[in-house]
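Engineer: Given the coordinates of chain B, assemble chain E onto it according to the supplied hints.
Respectively, the protein sequence lines represent chains B and E.
When we follow the numbering used here, the leftmost residue of the first sequence carries the number 1, and every step to the right adds one.
When we follow the numbering used here, the leftmost residue of the second sequence carries the number 1001, and every step to the right adds one.
Just so you know, these hints were derived from the structure itself, not from any lab.
Heads up, some of the hints might be wrong.
Computed beta-carbon distance windows for the label pairs [stated by the list, open to error]:
id, chain 1, residue 1, chain 2, residue 2, range
1, E, 1450, B, 448, 46 to 56 Å
2, E, 1289, B, 124, 33 to 43 Å
3, E, 1095, B, 223, 19 to 29 Å
4, B, 442, E, 1211, 31 to 41 Å
5, B, 127, E, 1437, 23 to 33 Å
6, B, 428, E, 1281, 50 to 60 Å
7, E, 1198, B, 8, 28 to 38 Å
Quick reminder that beta carbons are idealized off the backbone N, C-alpha and C, glycines included.
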Amino acid sequence: MDGPVDGDVLAEVTDAALGAAATAGASHAAVRIERVRTQIVVLRDGRLETAIDDTEVGCGVQLVRSGSFGFAGSVAVGAAPAAALVRDAVEAARITRPARSRGVTLADEPAHGRVEWSSPFVRDPVEVPLSEKVELLADWSGRLMAAPGIDHVTAYVMAVREEKYFADLSGTVVLQRRVRIHPQIEALSVTDDGDFEEMRTVAPPVGRGWEYVGGDGWDFDAELAQLPVLLAEKLGAPSVDAGTYDLVVDPTNLWLTIHESIGHATELDRAMGYEAAFAGTSFATPDRLGSLRYGSEVMHVVGDRTTEHGLATVAVDDEGVAAQSFDIVRDGILTGYQLDRAIASSQGIGRSNGCAFADSPLHVPIQRMANVSLQPAAGDGPSTEELISGVDRGIYIVGDKSWSIDMQRYNFQFTGQRFYAVRDGRLAGQVRDVAYQATTTEFWGAMEAVGGASTYLLAGAFNCGKGQPEQVAAVSHGCPSVLVRGVRVLNTRREAGR
Amino acid sequence: MSATGLAHPADVSEQVLAAADRPCIAIVEDTHEVDVRFANNTVTTDGVRTDRRVTAILAEPAGSPAQPGRAGVARRSGKIDVEALVGEAAAAIGPADDAAPLVEGGADRAFGDDAAVTGLERLASIVSGLAGAFARAEASRTVLSGFAEHRVTTTYLATSTGLRRRHVQPTGALQVVGRRDGASAWAGVGTPDFLDVELDSLEETVRRGLGWASRHVDVDPGRHEVVLPPSAVADLMMFLVEAASGRESEDGRTVFSRAGGGTRLGESLTPLPFDLWSDPAEPRLECEPFLATSASSADVSVFDNGLELGRTEWLGQGRLARLRYHRAGARRSDATPGAPIDNLLLGLPGATGTLEDLVATTERGLLLTCLWYIREVDPRTLLLTGLTRDGVYVVEDGKVTGATSNFRFNESPVDVLARATHVSEPVRTYGREGGTWMNRTAMPALRVPDWNMSTASQAV
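Only chain E is shown next, with the shape it has when bound in the complex:
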């Protein structure tokens, strides 16, 4: 029993299994989280949170064609009445098209260990640096805003087939926005532990952007060559992967649907041989190496809980290599299962250089900082709309010569990859918009001709 009065998570998962009268999966997720938010050169809010979610899944694989599979799921937080939770799951039992045999396996040696924790001390270096940062900002008529957060989730997954998995997932991020004289600049990083994060470094990135913005250059909307930094590429690629649902594509409603039926699996999408992949073992981007889900969907199944996850290529050498399928769906479609994985990487084999190198070789174009309010407009083409944000810089003869207004864009990430002409080496990045949901990304910078800036935005 911990100081919160909550039982040990491993014990809770065993109690759930013991209370079930049929095949069962128990998931206990303990999360500790701290955050500090600031705006207008002052701290505004802070928070210390302790969360526990317990999911009971009663999962009966199909016994025969006449006895289809069934499942029932219930999820509660905090101190759990295990009998009541399993009772709720039993009351929710119904037919399950995604039924499959429960995953088997052994027990992680650390399964009985306590949940990992975090505390405000994890953000101490950031918080202690803020007063100085605010003073420097005031001195330069700059207004700083931002957010620092650190969260650790420990997942315990147990099945009545003997599987016992435990994973500790640390997730952190720091974002800083500076505004001055009608301009805005942003810097953001994702991190597992804040050991590699320095507030000064983000301040410097913001200062550089605001400095570039001291000279304004008028640029009309229209099609422009752009240099997309890794953050912007990350946000676009999240939409591409989200659209990669096997079932939805087979239904005919995604950009990966094939005319006349089926999917575009195997089809070449990009002239350059891009690889887009997820890998739980990727250094510094490590994430849960097994599936843990409390709900089924079109392509994710509660029956697949505990499934081992490995490197999964969504695009391989520019071809559509994998779509998301749960095991039952993959079997029906004669496809390979593909489960969601909590990191995403894009790379072009052999690509070298940096964002700065792409800028240096750009004759005339626009260097973006990041993208914002990105939404799907047309699923047929995966056309997205959104805004540039926190700095659009004019590049002439390899140098940034000023800044222009923000724009609304209309572009498809599939087309963007197909049109990219120059690609840097991937680096860890943080999507300005999508980083909240997909913290762990590594992306290259891209140079893309004819980017569709549909209209100018007055927004800063």
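With the rest of the complex left out, here is chain B:
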């Protein structure tokens, strides 16, 4: 497999960086060389508006020396720049050492020798010509614009190919290539009196190639065909009555609730206060491991960096730790955290579970989210319709939209793409202006049932932010449909004082 730069350059940089780091007395050193190509194409009303094709190439060196941590990164890739990066990293470690009250240690990880791995794909999405991307999005846009009631259409696709090379003093050498893609199209309908509604596809971003847009993993044709009718129904729907409702939450919406209220809350660096200045901390503190009732007994959540087509899936993480799968919540009880090597070591945990990631060669790896997924019911399990049939007065929520959660992951508020009233176990048409609001453990504690495997979907996002300087990571979350009793629902028009 080709690397991010020529193989000879990889070898020269590795020798220069790791040699200089060892000479400088580093107890740990790693070098990463990356090439990340990101493309974004946007069409508005069928015409090309934005075309971004951005390739980042660079090298980063991280080391631990005298119990202090140093990092330096540059877009200059070569032996001489690598030696300069080591000097900068050593200097950063030296300058900050007096302000470190505790020395840095890393949890042990066995050397893995040489590892090569690629995410599975048929057609590399960044190698698809811009004209072909435009042609596809124009076709999709045209189908929607031909439908009655559609005033404007925005079509978008983002594609990324990430090539990483990693080598450390232990002897682990890793070449990895990952691709991901997120197509999305949104329709807008405006009334004569200025009211409007938008609705977009709920097809998730995935770790797949261009074949995804052709139907490998999602039926775009079917979703596009339904969108105008669904949007028209939404625009004409009554505004919801605020109150308490039973919710049946579709996986196209629930993945984001999992991301915010479980994924981030079970990052051990957050739980220990290392994100207190920015992303926040967590209510799920280490002293509650094994005893915190996170949710009902049907709640089983797994962190996994091996999920097929997962956006956080790798073979080896950015600290040289092999990818793993691990429990986070079992039978509703908090049982595990996501770790990197420094955080694991600080808590006396023998080994990291491989959740380090850097979004750029110029950024230091930090603990980032695994694919954190809620497991479906065993066996056949209930269908979404069967979950709905158990609701007298409720709302069925499809697709994600607005999201917000507090800095300790207690209080959240989410909206969605579509909200269906449920009466006497049946869908009773859409309602508008819905937001649901809850406290994490109350929400998951009120989860009465999880759907079966037939309702399961691997969804996710490209844009999870964390760290300072801020880094962005892509992550997937799988989940079934679920039934949650007694959730507070707001009317967003009333909230705005209208």
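Structural biologist: Then chain E, alone, in the frame of chain B:
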């Protein structure tokens, strides 16, 4: 050739133009950046970074109605194979609705100068002060966290029409969070050079907040009079300006869309005559005085690269005065072009006094510290949701008498400006959430009645 092996940025931009066989724009952005992060009373990470991004834009203005404009863009980092980069841009050429004649002009005298740099020495006073700050924190059972960063970006912009622009943009910030006994307090500042930043001053602000929090007062959710400090106002105003897209508003999908079509340009939005503006020449908030963009969008065009930027009023005397348009869009809509500018200021002509003065004249209300996790809920009203963070203080008879819990709010910044009753003089501030993207802001404190605290949050 520099120590990194990278060619001089001015030379690179000339090479890009020379490699192009049609009208072209070259942008080279060299960035040097340093940072130190701390948490749990210890430094955690640090970083030294060198970045270069080179953008090649092949931009053919429309020749006639039968020959519409076209553009192709490619962007790479580091040591560039110029021929390959321009080749990528050529392969990406396609129709461009935003086509306009390339900007013309002369050459900045400093165009051939080296890129500016920064280094860890810029943060030396902060780093050397941290050990003492951590010791003081430990002594008072306080846990400090925070982040110091300094970045300098030098932009070189060259066009085949002869324009040569260069700009040096320094950007820095320091944030400190203190946590003690179930309370949290925050202080943050933006700065171009750290010459005006003292760690002690931020420590003192944090200590004051934690001191106020030593007495807890129960307050139920609901509508309350609040005093918004400048940081919170900055974060809200960023959303307001973000929504001010001409094209999106014409499409009918923003709070600035007019019922029946068109936009609300010229309409009075606030009873008080607020001005909300951006100005590259604003002292201590200076920012890039020309447009440099590597991608077109609904209201920003690569064809407009090099466009001179000046004071731009988004709100003038309480009226919606400007929406973002690129030149082609503005021409189609018979509007005035409005480009994004990297600073933002809000003021009420004649307003005097400080945040403390607003507190002193508040009979009963809540003094907020900052806002967090702000997201749009409803574009029709620009309803936002988010959390209060790092201290909500109870004000009674002009004095802070204690602290209460955090809240989730649901509010629209348009409505907030419309309901504000008291306004202080603007001061430089740093948005707790948005400061990362919009570092340079100056805002007043506002007193707003009936602020919608939708629910209480247990979070600290």
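Engineer: The structure should be examined with respect to each hint, and the outcome stated for every one.
Structural biologist: Hints and how they fare:
One distance hint, 46 to 56 Å for the beta-carbon pair residue 1450(E) and residue 448(B), is violated here, with the actual separation near 38 Å. The hint said 33 to 43 Å for the Cβ distance between residue 1289(E) and residue 124(B), and at roughly 41 Å that hint holds. Distance hint for residue 1095(E) and residue 223(B): a CB-CB separation of about 27 Å, consistent with the stated range 19 to 29 Å. For the hinted restraint 31 to 41 Å between residue 442(B) and residue 1211(E), the CB-CB distance of approximately 33 Å keeps it satisfied.
Range check, residue 127(B) to residue 1437(E): about 31 Å between beta-carbon atoms, so the 23 to 33 Å window is met. The hinted window of 50 to 60 Å between residue 428(B) and residue 1281(E) holds, with their beta carbons roughly 59 Å apart. A C-beta distance of roughly 50 Å is found between residue 1198(E) and residue 8(B), which places it outside the suggested range of 28 to 38 Å.
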